[in-house]
Amino acid sequence: MSIFKMTRRVWLANLSAMTAGLMSLGMPTVAAAQDDVVLGALRFTSHGAGFVAYERGYFEEEGLNVKFEFFQAAQPIAVATASGDVDFGVTGVTGGLMNLAEKNALRIVAGVLHEKAGVDGMIVLASNKAYEEGLTSIDDMPGHSLAMTQVGSTFHYMTSRIADEKGWDIADIKLVPLQKVGSMVAALKSGQVDMMIMVPHIAKALAADGAAQQIGKLNDYVEYQISTMITSVENIENNPDVVKRFIRAYSKGIADMNAGLLDPNADPSEKEALTKILHKYVYTDQPYEKAAPSIQNGAMFLNEGAALNKTDVEKQMNWFVDSGLVDSDLTVDQLVDSTFVETN
Amino acid sequence: MADVTNHVDKNGANPVAAPHERPVYFRGGGFRTEPRRFVGLAVFAILLIIWEVGSRTGVISELVLPAPSQAFAAFMELVNSGNLQKHVGASLQRLTIGFSAGSLLGLVVGTAIGLSSYARAGLSPLVSAIFPIPKIALLPLFIIWFGIGEGSKVATILFGCFFPTVIATYGGIDSVDRTLIRMGQSFGLSRWEIVRKIVLPAALPAILSGMRISASIAIILLVAAEMIGAEYGIGAYVLLAGNLMSTDQLIAGVAILSMLGLIVSWLITRAEKAFLGWRN
Amino acid sequence: MDLRVDGLSHWYSDLEVLRDINLTIPQGQIVCVIGPSGCGKSTLLRLLGGLEQPTQGQVTQVGEPPVGSLNPLTYVFQDFALLPWRSVEDNVSLVLERHNLSKAEKEDRISDVLTRTRLSDFRKAVPKQLSGGMKQRVAIARALSVNPAVLLMDEPLSALDSQTRELLMDDLIDLWTREQFTSCYITHNLAEAVRLGHKVVVLSRRPGVVREVVDIDIPLANRRMSDPRIAEIQQDLWDMMREEAQTADLELAP
Ligand SMILES: Nc1ncnc2c1ncn2[C@@H]1O[C@H](COP(=O)(O)OP(=O)(O)OP(=O)(O)O)[C@@H](O)[C@H]1O
Ligand SMILES: [Mg+2]
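Protein chains in written order, with the working numbering: chain D, 1 to 344; chain X, 1 to 280; chain S, 1 to 254.
If you're looking for bench data, these hints aren't it; they were derived computationally from the structure.
For clarity, every value in this text was computed on a predicted model and none was experimentally measured.
There could be a bad hint or two in this list.
[As the list claims (entries may be wrong)] When the alpha-carbon atoms are kept at most 25 Å apart in a straight line, the in silico DSS-like pairs for lysine-lysine are as follows: (1) X:135 to D:189; (2) D:174 to X:86; (3) D:290 to D:280; (4) X:273 to S:124; (5) S:128 to X:273; (6) D:290 to D:271; (7) D:180 to X:135.
[Unchecked claim] Just some of the chain D residues that point at chain X, by a computed CB distance under 10 Å: (8) 102; (9) 149; (10) 186.
For every residue, glycine included, the Cβ atom is placed at its ideal position computed from N, Cα and C.
Produce the complete structure using the sequences and hints provided.
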């Protein structure tokens, strides 16, 4: 997904219409055959619906031959989708994603991960030092520093949403961009920053080790669309049928995940079966017994039927535009193609 | 030879022709570069024009590479917003402190390794072991050691400049003509005088070319250094542009970095002219 | 001040270089040392000036160095050993800097030695701009500036072409005629030895022992190559050297 790869792809596409045609996935005329599709994913439980759909044959039923391409971070997935190196990706609604949409390279076609009160979600952590000095609840946040990956990241957005809900000025929270989750954790552990917002499986582990203190949960204050399914504009225009079938299969994976891992009344054997499937992809370097709790800790609410909260995506988009991080030319219809799933 | 002569005889009008004469071919020359003004500038301009035309006609898609004019617009936006000074100022401060401190320390340690058998035996393996470690890999540790303020940023650059200077310095000292040192001793110069007046000036060409390298490394590491909680800085600007996929800003930022590189290189050339004039 | 060598032997680990050398360099004389290549001439000179420690025996200074001598035992090197980044005057000044001389005295010494070596017009030049002969004159000027008791010269002319060598030899003779400096002068050029030496010490092949000491009592200023006495001494020296040189030439270098 390097720039170089992207360059080569697009150059080829521009040089010859013929090869461009061959490069796009599958050809509509041979729909009966299996279509080859590449899904870009992170090795997180929150990406598990794709693994389940694959392992349980939902993709195959739709005539899709899916291959996974694994990434270390969400941002490159968007770039790789824009360049055509992967066909579908699950990634946060970030400024980078919006700028790629503004260049008509890709669009959001479905919802995947949603913050929802009462379900596991993003956790707000305080450093031990700050906690001892009185930072014990969300209400104490103003006047403290908060680690995030980058300006324009989902962490940045989440913080601004909390500030909005609470009626604070975002400038009262000192945002510290550290680029990498590893650096964020290092800074929080050593007390160089006071707070961070973190995905549940990492946050719970830190809190359990006593390396940091949980002071709140994001979805107690904000419910919003965290991550979405994206695909390239080329796929939407040339292979809408493949997109439709892909989302249908993926939704079945979502349904299984929500029913098996989030529902408190879930059948334990189904929970174990799902955990075993996920263990093929997530925490593979740990034995099952050790990995299982981490995997289950990582489960978050997934949008049933891959439904998309378009209203919220638009809200997010407006925040990015207002913050000057995204070109103001971007419209919500450029960012979202709502023809594939239910939207609200 | 006989054959050739016969051949000439058959065709020539005069069988006892005058001895065959011909000018000696010139076969020397070349293999030496001479300054050619404006060629570099022309290559640069031609590339820019091709790039701009390619972008305007759509041969180069906007996704692949923004047009130079777009990058320039992003740059002007930066100028007009007044943020350029803040970014450049923050970066220059880090570069200057990190580079000076790293070079100075490198000079001291390199001189020690160059002159003392114990320092060489003890430190040079250490230098070889630590030099190749990518400093970016150590960022989380740097955060813990030096904090998220200026400390870790300067330290990243300092570390980057330190090792090439050490190696250049002791390499330079190794190649100092020993008879000069012998001469100093024979006139009863003190050890410190020999180091200061003979060894270091003689090693200066090597030290300066080491600095040329470490200055470039400093600029390369600027982006890494500014990964750590930097609000302003050209590296931070480039990172943000990359994260936001704002390729026009990215190109503008990269262009500023390469301008910085050109300026540093020019300064070092000036320093070489000033200090090493005796070589020509 | 004289320089006396008593029972001097020197080894480089297993390699015996010099064996039982006894020698005096009397004040006001030039002692030339000749010998086949690799016999230890340069080593002897380093031992004389204290740049190396002898394995056995010792070198003694007899009498006091002249008043105002800053560096009694001073070398002139074969390859000049000038600092290329310093001008002529700064190269001389280098060896005066640590002696806390007043600015005026330093300046006096510099202009004095540059005049004596006819370099006054080239004070500001850097070594690169000078011919080989001029460079060696700078080195000699530098050596003279510290007012040495004994000048230790290791083949000072061998890096120069033959015309320059002749001219510089004349310069050295003039200089000696004026101020009778004391010197140990290493050379492998017999013509130099017979022109400059009050004494010529012939070393054998390695390990070097003193094979012969030849006194030449013709005043330096009067020696001409056409003089049959000079030619005869040179021939004698060559006869002595030939055999040593031939044998040395057949030996493998260590
Ligand atoms: N520092 C040293 N360590 C070991 N061996 C040495 C050293 N210096 C000189 N030698 C050896 O000692 C011998 C005498 O060397 P020296 O340089 O004194 O000879 P020389 O008479 O000056 O020769 P030349 O006429 O070539 O100048 C040589 O065989 C040389 O290889
Ligand atoms: Mg020698």
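Interface hint status, residue 102 (chain D) versus chain X (Cβ within 10 Å):
holds, 9 Å
With a cut-off of 25 Å on the C-alpha distance, tell me whether residue 290 (chain D) and residue 271 (chain D) pass.
holds, 15 Å
When you check the alpha-carbon spacing of residue 290 (chain D) and residue 280 (chain D), does it fall within 25 Å?
holds, 14 Å
Holds or violated: residue 128 (chain S) with residue 273 (chain X), Cα cutoff 25 Å?
holds, 16 Å
25 Å Cα cutoff - pair residue 135 (chain X), residue 189 (chain D)
Given that 25 Å is the threshold and the Cα spacing comes to 21 Å, the pair holds.
Would the hint on residue 149 (chain D) stand, with a C-beta cut-off of 10 Å toward chain X?
holds, 8 Å
Does residue 186 (chain D) hold up as a contact with chain X if the rule is Cβ-Cβ below 10 Å?
Result: holds, 4 Å to nearest chain X Cβ.
Keeping to a limit of 25 Å between CA atoms, is the pair of residue 174 (chain D) and residue 86 (chain X) held or broken?
holds, 18 Å
Has the given pair, residue 180 (chain D) with residue 135 (chain X), been kept, meaning a C-alpha gap of at most 25 Å?
It holds: about 15 Å lies between the C-alpha atoms, which stays within 25 Å.
Proposed proximity, residue 124 (chain S) with residue 273 (chain X) (alpha carbon, max 25 Å):
Holds, at roughly 18 Å.
The structure fails none of the hints (numbered hints given earlier).
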